[in-house]
Amino acid sequence: MMEGVSQLAERVKERIIQNTDNNDLFRLARAGDKKAVAETKTLVREQLYDMRINATNDLIQDIFNVIWGLGQIQHLYDDPEVNEIWVNGAGENVWVEREGRRVKAHGVMFQHDDEVMEIQARLLSNENKEINRSTPVVEAKMADGSRITLTRPDETPHPTITIRKHRIKGLTTEKLLYYGTLNQEVVDLLAQLVRGRANILLIGPTSSGKTSLLRWLTQFIDPNLRIGVLESTYELALDQYLKGRNIITFEEQKHLDRTLLNQFHTMLRLSPDIVILGEARGAEADQLVKTFRRGHPGSMGTIHSNSPEASIQDLVDMIMEDGRSWDSSHLYLRVARSVDVVIQLHVEPGTGIRRVWRITEVHCTETDNNVQFRDLCRFTGDTWEMPNAISDLLQAKLNLFDPPEDTFKLA
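full-length UniProt numbering puts the sequence shown at residues 1 to 411.
Think of the hints as simulated: they come from the structure by calculation, not from any bench. Misleading hints may appear alongside valid ones.
[Stated by the list, open to error] Straight-line Cα separation of at most 25 Å, SDA-like style, residue types lysine to any residue; simulated pairs:
| no. | residue 1 | residue 2 |
| --- | --- | --- |
| 1 | 129 | 104 |
| 2 | 141 | 239 |
| 3 | 104 | 80 |
| 4 | 254 | 320 |
| 5 | 104 | 134 |
| 6 | 397 | 366 |
| 7 | 13 | 24 |
| 8 | 13 | 77 |
| 9 | 254 | 134 |
| 10 | 243 | 257 |
| 11 | 141 | 254 |
| 12 | 397 | 225 |
| 13 | 290 | 262 |
| 14 | 34 | 57 |
| 15 | 104 | 93 |
| 16 | 141 | 153 |
| 17 | 397 | 188 |
| 18 | 35 | 124 |
[What the hints assert, rightly or not] Here are the simulated distance ranges between beta carbons:
| no. | residue 1 | residue 2 | range |
| --- | --- | --- | --- |
| 19 | 352 | 328 | 18 to 24 Å |
| 20 | 102 | 39 | 51 to 57 Å |
| 21 | 351 | 4 | 40 to 46 Å |
| 22 | 352 | 380 | 17 to 23 Å |
| 23 | 307 | 188 | 23 to 29 Å |
Yeah, the Cβ is synthetic: ideal placement off N, Cα and C, and Gly gets one too.
Using the sequences plus the hints, can you model the full thing?
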């Protein structure tokens, strides 16, 4: 930022403060509240007019960035193509995730730790939280729901900022087809599985698109069904994505001792037909499995796992963390019988394209201890193939909820 703009910004700030008392407005603007940002920019524009300075939109934005915004990373935050922003410390290039690829934001760098700490303070201005040496790690949310993680020494050598932007607007089928995430045959298969109320587990690494695909899948849920949503952080926003639908959403509140596990019990008393768990990471995995098995067909959840085969054991491991004495073999079979389908997502390293990599049926009857993983669909490097038909067992379940004429044609 040019020194002249910084000096002008300070003059404008002083004039605004002298003429008005807008502490609450500025606090919300620093937190990214869109209405507050717009009102603050209007105040800047008025002062520039009074100072007989040409109030261009670019100049107003620059002044806002210097005084109330995110400084050098504001344009990255405003860029709809950027999903995450990483400030690793002063003197280091800022990095972003753009369209699935992690790249340097060329020419964007904070020169001093104090600059980074000032942006940290602005990010926390609407939260009752502080970051300092005694509390060197803080997690919080911006006004628009974007998640932030901030660190200070001695936790890290330099102050750092991570912003994971919140996107309510869901991906359309057309965009998923355009991006190469799936093709029409995959769309038809997934739609059938959701309409037929298969229990679905989505897996993949961080930032592989699990939340986005899960949100997209919900459009195929029968609109007459009541949906219960549990999330550690409000991301799916189904009450906004599926406006007018019968949806109840819970967000974990650890500071109130309202964990996902506590909220699971509360939500089940609210009579949801389908339960959606944003991400299972611990004891709530057992509740997800119970949900799959006990009267909530069509429920869905996500976990971090590397393959459909590993995902069942990963769920078992999460459940066993509760300290109870489990028969691991029996538990493995219980989990395998609860999950109908695993959808694996993968990010291609070279292109950053998020793809549906495998759609795998987990086949295990109540009387047979043999667990089979049957790929209904898999990406082969240039297209998707359908190596196996849906089993008779799963097809019979799907037919209970979806008319046979609408189902996926068996091979």
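Hints versus structure:
1. In summary, the hint linking residue 129 to residue 104 is not supported, as the alpha carbons are separated by about 30 Å, beyond the 25 Å threshold.
2. At most 25 Å may separate the alpha-carbon atoms for a hinted pair to count; residue 141 and residue 239 meet this at roughly 19 Å.
3. Between residue 104 and residue 80 the CA atoms are separated by roughly 16 Å; this keeps the pair inside 25 Å, and the hint holds.
4. Proposed proximity of residue 254 and residue 320 is supported: the alpha carbons are some 22 Å apart, at most 25 Å.
5. Under the criterion of a C-alpha separation no larger than 25 Å, the hint pairing residue 104 with residue 134 is inconsistent with the structure, at around 31 Å.
6. Between residue 397 and residue 366, the direct Cα distance comes to roughly 14 Å. Compliance with the 25 Å bound is thereby established for this hinted pair.
7. The hinted pair formed by residue 13 and residue 24 meets the criterion: a straight-line CA distance of about 15 Å does not exceed 25 Å.
8. A distance of roughly 22 Å separates the Cα atoms of residue 13 and residue 77; the hinted pair therefore holds under the 25 Å criterion.
9. Under the criterion of a C-alpha separation no larger than 25 Å, the hint pairing residue 254 with residue 134 is consistent with the structure, at around 20 Å.
10. For the hint pairing residue 243 with residue 257, the CA-to-CA distance comes to about 30 Å; that exceeds 25 Å, so the pair is violated.
11. With a C-alpha separation of about 14 Å, the suggested pairing of residue 141 with residue 254 holds against the 25 Å cut-off.
12. Proposed proximity of residue 397 and residue 225 is supported: the alpha carbons are some 17 Å apart, at most 25 Å.
13. Among the hinted pairs, residue 290 with residue 262 is consistent with the structure: their alpha-carbon atoms are about 15 Å apart, no more than 25 Å.
14. At most 25 Å may separate the alpha-carbon atoms for a hinted pair to count; residue 34 and residue 57 meet this at roughly 16 Å.
15. Taking the CA atoms of residue 104 and residue 93, the gap is about 6 Å. The hint holds against a cut of 25 Å.
16. Of the supplied pair hints, the one linking residue 141 and residue 153 holds, its CA atoms being roughly 21 Å apart against a limit of 25 Å.
17. In summary, the hint linking residue 397 to residue 188 is supported, as the alpha carbons are separated by about 17 Å, within the 25 Å threshold.
18. Under the criterion of a C-alpha separation no larger than 25 Å, the hint pairing residue 35 with residue 124 is consistent with the structure, at around 18 Å.
19. Range check, residue 352 to residue 328: Cβ separation about 38 Å, and the 18 to 24 Å hint is violated.
20. Distance hint for residue 102 and residue 39: a CB-CB separation of about 35 Å, inconsistent with the stated range 51 to 57 Å.
21. In this structure, residue 351 and residue 4 meet the distance hint of 40 to 46 Å, their C-beta atoms being roughly 42 Å apart.
22. Judged by the Cβ atoms, the range 17 to 23 Å given for residue 352 and residue 380 holds: they are separated by roughly 19 Å.
23. Checked against the given bound of 23 to 29 Å, the beta carbons of residue 307 and residue 188, roughly 24 Å apart, stay inside it.
Checked against the numbered hints listed earlier, the structure breaks hints 1, 5, 10, 19 and 20; every other hint is satisfied.
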